[in-house]
Amino acid sequence: MNIKIKNLYKKFRNREVLKNINYDFYEGYKYAIIGPNGSGKTMLLKALSGLIIPSQGSIYIDNKEMHKDFRFYESLGLIIETTKFYPNLTGYENLKLLASIRKKISDEHIIKTLKEINLLESKDQQVKKYSLGMIQRLAIGQAIMEEPKILLLDEPTIALDDDSRDMLFNILDQFKRKNKIIIVATNEKHDLKDKYDKFVLISDGEIKRSGDINDY
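Here this note's numbering is used: the first residue of the sequence shown is 1, the next is one more, and so on.
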């Protein structure tokens, strides 16, 4: 499968936030979207997720056009900015509630996901008692639990300690081996070559450079 972006342009309140974006994403690769704050990284992920409608241009997933053939792609995992959970529900209850929308996974699969993100021992604890790192791990859990074909993650390592970062990238490696499309917006540049396959450098709403991560 692939995602094709053609001449994508988005304007908000007289401000151009995405300008003539053209790029193809393919399954089996981990992509790093790199750029300073305000460069357009999050807006690009919002466009790919269907959360914003382009002012001009098109996005195709498997040759079907977003906002024409479908509004939201049916197999997509997403972290955009801060993921909101119900604070008085437990971690398990929050994931179960989200899973009830599509009814694609069992309770046993939710437990498996909680174990994978190292929250099994805290599954019956109210989310309002979670640390920031635990909340971020729960956000990762909700994004991956249905094993989507596309993962869009906006700064997923925020508040994660070293062990949790390793957990995240192990999960991304598993998704890569299953031929998923993994797209991560990140400001972390120190270990890009160890974590990703491709890079897309965005500045001022435009793609300035892209290619293999070893060429970054």
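Simulated from the structure, these hints should not be mistaken for lab results. Treat the hints loosely; a few may be bogus.
What the hints assert, rightly or not - Below, computed lysine to aspartate or glutamate pairings styled on EDC-like, alpha-carbon distance capped at 20 angstroms: (1) Lys189 to Asp161; (2) Lys6 to Asp69; (3) Lys195 to Asp162; (4) Lys193 to Asp162; (5) Lys189 to Glu147; (6) Lys30 to Glu155; (7) Lys11 to Glu27; (8) Lys149 to Asp215; (9) Lys30 to Glu147; (10) Lys11 to Glu155; (11) Lys96 to Glu121; (12) Lys198 to Asp215.
Claimed, not checked - Pair ranges (Cβ atoms, derived): (13) Tyr216 to Ser106: 37 to 45 angstroms; (14) Ile52 to Lys129: 31 to 39 angstroms; (15) His109 to Asp204: 25 to 33 angstroms; (16) Asp162 to Tyr9: 33 to 41 angstroms; (17) Ser100 to Phe70: 17 to 25 angstroms; (18) Asn88 to Asp163: 22 to 30 angstroms; (19) Asn63 to Ala159: 35 to 43 angstroms; (20) Ser75 to Lys128: 29 to 37 angstroms; (21) Tyr26 to Gly133: 28 to 36 angstroms; (22) Lys112 to Asp162: 17 to 25 angstroms; (23) Glu16 to Lys128: 33 to 41 angstroms; (24) Lys129 to Lys64: 41 to 49 angstroms.
Don't be surprised by glycine CBs; every beta carbon is placed ideally from N, CA and C.
Problem - Hints not upheld, ascending by number - result: 5, 7, 8, 10 and 15
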